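Visitor: Sequence:
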Amino acid sequence: MIENALMWAVIVVFLAVVVVRKAVIIVRQGYEYTIERFGKYRATFDPGFHLILPFVNRVGHKVNMMERVLDVPSQEVISKDNAVLTVDGVVFFQVLDAAKAAYEVFRLEHAILNLTMTNIRTVLGSLDLDDALSKRDDINTRLLVIVDEATTPWGIKVTRIEIKDISPPMDLVDAMARQMKAEREKRATILEAEGHRQSAILRAEGDKRAAVLEAEGRKEAAFRDAEARERLAEAEGRATTMVSEAIASGDIQAVNYFIAQKYVEALADFAHSSNQKTLLLPIEATSVLGSLAGIAEVAKAALSDKPERGS
Numbered sequence: 385m386i387e388n389a390l391m392w393a394v395i396v397v398f399l400a401v402v403v404v405r406k407a408v409i410i411v412r413q414g415y416e417y418t419i420e421r422f423g424k425y426r427a428t429f430d431p432g433f434h435l436i437l438p439f440v441n442r443v444g445h446k447v448n449m450m451e452r453v454l455d456v457p458s459q460e461v462i463s464k465d466n467a468v469l470t471v472d473g474v475v476f477f478q479v480l481d482a483a484k485a486a487y488e489v490f491r492l493e494h495a496i497l498n499l500t501m502t503n504i505r506t507v508l509g510s511l512d513l514d515d516a517l518s519k520r521d522d523i524n525t526r527l528l529v530i531v532d533e534a535t536t537p538w539g540i541k542v543t544r545i546e547i548k549d550i551s552p553p554m555d556l557v558d559a560m561a562r563q564m565k566a567e568r569e570k571r572a573t574i575l576e577a578e579g580h581r582q583s584a585i586l587r588a589e590g591d592k593r594a595a596v597l598e599a600e601g602r603k604e605a606a607f608r609d610a611e612a613r614e615r616l617a618e619a620e621g622r623a624t625t626m627v628s629e630a631i632a633s634g635d636i637q638a639v640n641y642f643i644a645q646k647y648v649e650a651l652a653d654f655a656h657s658s659n660q661k662t663l664l665l666p667i668e669a670t671s672v673l674g675s676l677a678g679i680a681e682v683a684k685a686a687l688s689d690k691p692e693r694g695s
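According to our numbering, the sequence shown is numbered sequentially starting from 385.
A portion of the hints provided could be inaccurate.
Result set (PhoX-like, lysine-lysine): computed pairs, CA atoms no more than 25 Å apart in a straight line [as the list claims (entries may be wrong)]:
hint, residue 1, residue 2
1, Lys406, Lys446
2, Lys519, Lys565
3, Lys541, Lys484
4, Lys484, Lys446
5, Lys464, Lys548
6, Lys424, Lys484
7, Lys446, Lys424
8, Lys446, Lys541
9, Lys464, Lys519
10, Lys519, Lys548
11, Lys592, Lys603
12, Lys406, Lys424
Keep in mind the hints are simulated off the structure, nothing from the lab.
As the structure is a computational prediction, the values presented were derived from the model and not from experiment.
Taking the hints into account, I'd like the entire structure generated from these sequences.
Guide: As structure tokens, this is what we get:
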């Protein structure tokens, strides 16, 4: 009897332990557990200590609520201009509703990967090769908007989608390198031609300015020469008037002065001639001396008139 009682006691203790083990649920931090009653969703347990009815309620799914990262495997994509590209990336997502993530989609991570790969092909297929290589941020933004909207019913939030690498074929890379080199040489040629053009413009502006200044100089010199000739003409006019008045008054010395002056000026012009080295005077020297004597007489007469006028 004692042995039977001991055996039943052990059985009861064992069953009690099993019941307690089934009734106590401890949820770890960063997780949420869905509770099912007879296979139907009943509740969601947050991190901490919980009790359930054993054999009636059970844990359905243990859902990771932390942000997770999925590697998008490499795939070949054909761009809008028929270039074949090899693309891979990463997806960052976080579960916001454990019940939806557990019961609205089967194999959540697999569904997210396939959805992301499909939309990568769609987005890159609508772009030219140059845009696909240069507009990485725009591609990431478009993918994030599309995938996040599509996965909202699953109770998750896609936080980031990043394209890690876009690799064109090697022959296409070589062609792009040659094209880039040609573009740089073209820009260098254009810049050099623009420099020559600007230099020519500056030289032309300088020549124009120099010509204007030279013309203004000639104009000023001509004006000065005209003014000098005008003053000389006025002086000659006054001298001629004085000589005419002297002739009218019967002063023969004034006539000699006038003739001698013109004679000396003519001799000076002959002496300054560039193609004449020898000057022959087919006149008598006494006539010149006589003219000079007449000049002296006129000067004396003029000087003698001044004291008389002063008295």
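Visitor: So, for every hint listed, does it hold in this structure?
Guide: These are the hints, each one checked on the structure:
1. For the hint pairing Lys406 with Lys446, the CA-to-CA distance comes to about 16 Å; that is within 25 Å, so the pair holds.
2. Among the hinted pairs, Lys519 with Lys565 is consistent with the structure: their alpha-carbon atoms are about 21 Å apart, no more than 25 Å.
3. For the given pair, Lys541 sits about 12 Å from Lys484 by alpha-carbon distance, which is consistent with the 25 Å threshold.
4. Straight-line distance between C-alpha atoms of Lys484 and Lys446 comes to about 13 Å, which keeps the hinted pair within the 25 Å bound.
5. A hinted pair counts as satisfied when its Cα atoms are at most 25 Å apart, and Lys464 with Lys548 qualifies at roughly 20 Å.
6. The straight-line distance between the Cα atoms of Lys424 and Lys484 is roughly 14 Å, inside the 25 Å bound, and the hint therefore holds.
7. Simply put, Lys446 and Lys424 have alpha-carbon atoms about 15 Å apart, close enough for the 25 Å limit, and the pair holds.
8. A C-alpha spacing of about 18 Å is found between Lys446 and Lys541, which places the hinted pair at or below 25 Å, so the restraint holds.
9. Proximity of Lys464 to Lys519 is assessed by CA-CA distance (about 14 Å); at most 25 Å being required, the pair is judged to hold.
10. Pair hint Lys519 plus Lys548 holds up; C-alpha atoms about 13 Å apart against a cutoff of 25 Å.
11. Under the criterion of a C-alpha separation no larger than 25 Å, the hint pairing Lys592 with Lys603 is consistent with the structure, at around 16 Å.
12. Of the pairs offered as hints, the one joining Lys406 and Lys424 holds, with about 18 Å between alpha carbons and a cut-off of 25 Å not exceeded.
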